[in-house]
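Chemist: Sequence:
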Amino acid sequence: MGGYRRVKVWSVLMRLYHWAFALSIVTLCITGYYIRDPFVLGVWEGINTNFIMAEMRYIHFLAGYIFIAAIMVRLYLFIFGNKYERFTDFIPVTPRNIRGLFITIKHYLYLTDEHVGHGGHNPLAGTAYMGMVFLGIIMILTGLYLMYPENGIIYAIGTAIFGNQQVARLWHYFLFWIFAIFCMVHIYLVVWNDIFGDEGIISSIFSGRKYLKDHH
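Numbering (this note's numbering), first residue to last: 15 to 230.
None of these hints come from the bench; they were simulated from the model.
Among the clues, some could well be false.
[Stated by the list, open to error] Straight-line Cα separation of at most 16 Å, EDC-like style, residue types lysine to aspartate or glutamate; simulated pairs: (1) Lys227 with Glu164; (2) Lys22 with Asp228; (3) Lys227 with Asp212.
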């Protein structure tokens, strides 16, 4: 591919984080929706148990711990990851990233054909991902508060932030929809970028490598 070179962008840890984060979100959304509104009770064909709610809760809690681990890994990579993984690469506070943010928004809205290539996340995507990580922290706090109200430390933190479990439950449910919508938008934009872009964005989350223009 003339004018391009294949560059290692995502570390193994970053790729493991991505898939742990993605699969845990999908699992949490499916099981969480069932826990809130069980659409079947009793024996379910193909499921060898009469305790579907118990099974769903167990899977939900297990996926929750994977979600917590993924969030911790991404917080580490925001600071100690490679140059493409750190928050300083995409946060829109520098002239380069501010310009890239607005050009990316205009590009997605079909208002311009100009596209600013970015080694890692573009400023819009990176800022959105960083926001989702911090929303994930709130989701974790609500989940732990609902699951372990008898724990003194968790109860104190949960009560100080949310006031009571009902408010925490409402936040947990609200954030469920935020994460569900985020997943759909994320998949759409990734596919869109892979069709109209030339960086190989989908394959990069498997191989860790993108096609970048020579000036990178």
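Chemist: So which hints don't hold here, by number, going up?
Modeler: Violated: hint 1 alone.
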